[in-house]
Every structure is written in structure tokens, then in C-alpha cells.
Amino acid sequence: MILSPAIIALEAGAVLAAGYAAYASAMAMQIIQGWDIASGSEQQLLLEKKTYLISTIFAWLMAYQIISLFLFSYTAENLHDLFVGAMCAAGSLNVNDYGYPTLVLKAFNCLLCGIWLIVNRTDNSVADYPLIKPKYKLLIGIAVLLLIEAIFQTTYFVQMKADVITSCCGMLFSETEETVAGGLAALPSYPTKVIFYLSVLITLRVGIHHYRTGRAALVYSLSAAWLLILSIAAVISFIAPHFYELPGHHCPFCILQREYHYIGYPLYLALFTGGIAGLGVGVIDRFKGSPSLHAAGPLLQKHLCLLSMIGYMLFAVISVYPMIFSDFRLEGY
Amino acid sequence: MKWLDRQRCLMDFTLSCVWRRKGKNLGFLLVYTLIIFVVCSVIFFSNALRRQADAVLHDAPEMIVQKMMAGRQELMPLAHQEDIASIRGVRSVEPRVWGYYFHPATQTNYTLIGRKDFRHGDDAVEVGQGVLRTWGAVQEDKLYFRMVDGKALDLKIAATFSAATDLVSADLIMMSQATFRRLTGMPDQFATDFSVRVRNPQECTTIAEKITGIVPGARPILREEIVRTYSALFNWRSGYMIVILSAAILAFCISAWDKATGLSAEEKAEIGILKGVGWGTSDILGMKFWEGMTVSLAAFFAGVIGAYIHVFFFSAPFFEHALKGWSILYPSFRLRPEVNLFELAVLFFLTVVPYTFITIIPIWRVSVTDPDLVMRQG
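Protein sequences, first through last, are from chains A and B. So for the first sequence, the working numbering puts the first residue at 178; every next one is plus one. So for the second sequence, the working numbering puts the first residue at 958; every next one is plus one.
Hint data in this document are derived by calculation from the structure and do not stem from the laboratory. Keep in mind that a hint or two might mislead.
[Stated by the list, open to error] The list that follows gives simulated cross-link-like pairs (lysine to any residue, SDA-like), each with its CA atoms no further than 25 Å apart:
#	chain 1	residue 1	chain 2	residue 2
1	A	Lys-314	A	Pro-499
2	A	Lys-226	B	Trp-1247
3	A	Lys-338	B	Gly-1196
4	A	Lys-226	B	Pro-1328
5	A	Lys-227	B	Gly-1196
6	A	Lys-226	B	Trp-1214
7	A	Lys-226	B	Lys-1225
8	A	Lys-226	B	Gly-1196
[Said to hold, decoys possible] Chain A stretches covered by chain B per the calculated footprint, using a threshold of three residues with CB under 8 Å from any CB of chain B:
#	segment
9	184-190
10	206-217
11	236-248
Remember, it's a predicted structure, so these values are computed and weren't measured experimentally. Glycine is no exception: its CB is placed at the ideal position from the N, C-alpha and C atoms.
Let the hints inform the model, and build the full structure from the sequences given.
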């Protein structure tokens, strides 16, 4: 194991987060079993008080997850000079079998925590807590995932050995590699650009429609989810090469480096904002049958839809910037 | 905007509360700041040393080739220079003549370098500031050496290296190759090692392999390996310092837990009254959140500024030896001030995050207190 301050910080944070998530899920089980909104018993009052604690814990966990996702990528980035062959985070994550799964889990948990907070906000906005049981079932699922994430992250750091020869991002995200990453890198840039920007336009159009009329929430949510996946493919296929001004360099991590003015951070933050808020619109739509959510639900959906559109617009603007203000043309190669 | 206004009012109220109990809060803030200061100093110092090592090695040759025999380093025959230079991809091969000189009077080892193009002649040397400081009796600008055969050798100090290069030149004595060979007895057909410049740094490993095939017992040392070793070393040292300090962080977290749990009767009554006048549980949570944030951020900034001054203005006298290593003749150098967001994020994770998580449950306990219960007790 390599003992650096960043690794200690991430490990301490992961242990705390997993511990608190387990504690919250133990209380969630009590709530699922004993919740009765009609009752005025002492037990029910205690459970109602506990909902505040769980909300507070998860609000902090969400903040923690977002910072830890970026800190994890940056730590992998920072450690790359310890491994022969690694030139950025892509190489450090490839040092053993747990690097990439940890990153994917972290990103996925970040999305889930965000969605949970949205459900929680919706639930708390009305007096009768209509979503209490599905909300806490989801919470238990997230807690399990957070625990797995902590185990994966610990295994990744524990098995990290400095004498391992790894691959650089040029290899992992090479067009000739027969892997998912290689496949994404090999996507033809021009058609991918057309599909991506068309998807952005369609998503925004559906978003505006939903914002104005309150209809097509599910369509917006689905298109936001599609755009989230497509955006990751687009980063590898053409957005990153435009920032590097190198047609063969598809790494999604090097844009987090100082040489590229840390542009990856706002880019991914905008993407996550767009994705989480967009998915939230659809999740609330699932519970629109509840009578008490009749007024509060659509209002929250509108706000989330706006936030999601802002996120995706920002993402699109950042991605288009190097295409307009640089002489580099990806299609020229 | 409504939400923002609400938060602003909560913050305003919290700040006045914190200020009202300034004695108690100040003591806690001081301990919090001290913890952040210590951890931050370790992070700043080790990263600054790592950057310094990177900067020094930036212009170093891509490869050094030493010769080994029976597991010990021995002199490199100059005959191999041509062999290595003939490998495709090698730009140049320079034999280096260098070694150490132990000065019995000061019990110090100095580094000697013999240069082919030494501009001050065979009777002079160029020395680092550390040599002047420690040599002891420097008379009439002359250094007195004892040669390998026991005879004395006086060499004039022709020039000194500037203090700016102290990190690499503090213990350095530079002379002509002829003088070096006379002093140490190194034969003419040998050098200490070769410095090899390579056209494409990516090919270093292949060239190193070829060298081991051509020169028996050759040990190529790549610049990348040295950078990697330094990086691992400073990571490891600062990591251990933090593991040792984690006991202090833990103790601090326990005291934070204790502070958040053990509210005074006055504070409890205050929360009871606030709930009595219509504040909800989430408002009390919000207030306590801002209280925690105020204390954390104040401690964070004070600790970081303190550590910055400690490390970059005073070269971290508290941890210098633990992180840097020690020697009789250690160069005095000032680290280049540079702080990045990553270091601050790590520090935030090591100090503020545990504090925040630890205080969640006690804060919740306070916020759900029944107003009538508290007021009746008061």
C-alpha cells in the first residue's frame, strides 16, 4: 500500500461515510417497519424525529460523495508518477482490478445520493410523507453500495504496488484497443458530434416544453439519461481530443490536469448536475399519483428541469469552446 | 431568494450566538486551528520538497550508468564510452569523475567533482556556501586536503557557488579532473560513472537494456526512476506523519463530540425558547450547521495561513528533520511557495470532514429537544 495523505484522507472519509450510511439504514429499517403517520404514539414521534437525522446525514453524504469523487480522480492523477507506464489517472486506475470499478461505483453512488436527496426533498415538502417507505428502501440500497464502494476503494489502495507496470491512457483509450474504452475512442468524430449536439438540442427542447406546460416529464428524464451516457462517450470520442488538440489522445482524465486548466472539473460537474436533476424529474413523476404531491411535485419538477437544462447547456458550451476558438480540426486527420 | 434570505438570517443569528460565547468558542477554535496547522504544515512541506526534487532533476541526464562488481559499485572503464555512444538513440555519453572527501576535523563528508573544462586551473577549487561555513580553518582563501598518499594539498578557493543553488551545491567542491585524480588516486582510464543523454526519453528502457548487454555489470539508473523514488519517499514520509498525528485528530474529534453533546443549561434553554417561539427542527439544524461551518472555516483559514508562513517563510522548523532527513552539512534553502487546490482538499478531508461527521448526531439530539422539557428544567 502506498501511504500518502490523500489516500489516508479518502480512506478515513470512506470509513466514516460507510459507517454513517449503515447507521442511517438501520434507522431506515425501523422506520419502514414501524411508520404509521396516523398514530400519535411516542414511537411514531421518535421515528419522525429520526427522519431529520437521516436527512442531515444524507445531505452531508452527498456533499462528501461529490468531493470524494473528484478527490479520488485527482489522487489517482497525482500518484501516476509512481507507476512505470502511467501518464495520468487512467494509468494509476489500471494498476489493479479495483481502480476503475471504484471510480464507476463512486460516480454511480453520487448519482443515487443526488436522486435520494431529490426524493427526500419532495417527500418533506408535504405534510403526510407519502414517499417515506420507497425513500428508505432506496436508502438501504445506497448504503449497501456505499459499503461496497468503501471495500473496493480500500482493496484498490491496499493492492497498489509501486513496482507494477501499467498502461498509459494512450494505450487504454486507443482506437485500436478492443475494449469499451477503445470502442468509444474509435467512434467516428463527425457523426458522434452530430448525434451529441442533436441530442442536446432535443433534450433542451423537451425541457422547455416541460418547463412551460408541465407535461412530458418522463420524456425529458429519459432524454436527460440518454444524454448523460452519450456525453461520457462524447468526452472520450471528440471533446477531450479538442482540448488536447491531439487527434489520437482520447483520455477522459487528462482534462483534469493543470495543463488543460482543470477544465475537466467544471465539465464533469455540469454533466452531473444535468444528469442528477434530469433523472430527478422522472423519479418524481413516478410518484405523481400521490394526492398530497399534486401541487408540490410539478413545482419541484420545474425547478429540477431548469437546473438540469442549465447543467447540460454549460456542458455543451464548455465542450464547444475549443472547437470555435482553436485552429485544431479533428476531422482533418 | 427566499431560501438565501433565510440562510442569511440564520447565519446572522448564529454568528451573534458564537460571539456571545466567545470565551468557550475561542478555546475550541484554538485547538482546531492547531490541528489544521500541524497537518497542513506536513502536507505543504512534503509537497514542496517533492516539487523541489522534481525541479532539480528536470535538467538531469536521462540516464546514469554505473558499473557493479560483486554487488558493489566500482570504477567505470573509459573504454566503454564508445560502446555506449554507438547505440542508436544515444545522443551523448559523458564520463563523470566524482566522489566524496571525508574531512576529519569537522567529521563531515563533502562531494568532490572533477571537471574536464574547469576554468580556474589545477590549483584552485570552486566551493558551495556550506563548505565555507563548515570547513573550519579556511586560511587565506585556501583549503587544506590530505591526498590519498598522505601528503598535503593546498587548493585556492577561486569562486563560490551562489546561495540560490544551495540545495545541490552546499557540500560541493569542484576542481579540475587532474586535481581530482591526484587527490583521490583515481586512475586515468577510469571514471566514476557515465551520464547518458537519450534522444527520445521513451526509449530509455530499451537503451538501458542494450547497455547491460554491452557493458558487463552495468547498472543503468533512469531519471524517471529517481523521480519516482523521491515521489514515493515524500508520500510515505508525510503519510506516516499523518498516521502519527491521527491520534491527535481522533482526540480532537472526541472533544468535538463532547462539546456538541454537553451543552450548558443556558444553551439548552436557548434552544428550548427558540423552539417555543416557533423555530422548527430544521431551523435549529440549520443554525448548528452554520455554527459548525463558521468555526471550521475560521480554523481552516487560520491553520492554512499559519502553516504557509511556517513552511514557506521559516522552512518548517517543527518537522524539518522528520521529513527532510538530517546531516551535519544540510543546505539551508527556502522552499518555493506554491499551494494547490488538491492539497487544500486533502487537508479539508483530513480535518473538517471528520469534525462535521462526528458532530451530526449530537447536533440532531440537540435540535429535537422538546421545548417544554428544557424550559421546565431551566
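Outcome of the hint check:
For the hint linking Lys-314(A) to Pro-499(A), the alpha-carbon distance of about 44 Å lies beyond 25 Å, and the restraint is violated. Taken as a hint, the Lys-226(A) and Trp-1247(B) pair is honoured in the structure, with Cα atoms around 20 Å apart against an allowance of 25 Å. A hinted pair counts as satisfied when its Cα atoms are at most 25 Å apart, and Lys-338(A) with Gly-1196(B) qualifies at roughly 16 Å. Restraint check: the Cα-Cα separation between Lys-226(A) and Pro-1328(B) comes to about 14 Å, which is no more than 25 Å; the hinted pair holds.
Simply put, Lys-227(A) and Gly-1196(B) have alpha-carbon atoms about 38 Å apart, too far for the 25 Å limit, and the pair is violated. Our distance criterion of 25 Å between C-alpha atoms is met by Lys-226(A) and Trp-1214(B), whose separation comes to about 20 Å. At most 25 Å may separate the alpha-carbon atoms for a hinted pair to count; Lys-226(A) and Lys-1225(B) meet this at roughly 18 Å. About 40 Å separates the Cα atoms of Lys-226(A) and Gly-1196(B), which puts this hinted pair outside 25 Å; it is violated.
Counting residues of the segment 184-190 of chain A whose CB falls under 8 Å from any CB of chain B gives 6; the rule of at least 3 is met. With 0 residues having a Cβ less than 8 Å from any Cβ of chain B, the segment 206-217 of chain A misses the three-residue criterion, and the hint is violated. Note: the segment 236-248 of chain A has 6 residues with beta-carbon separation from chain B under 8 Å; the three-residue rule is met and the coverage holds.
When the structure is compared with the earlier hints, violations turn up for hints 1, 5, 8, 10 and for no others.
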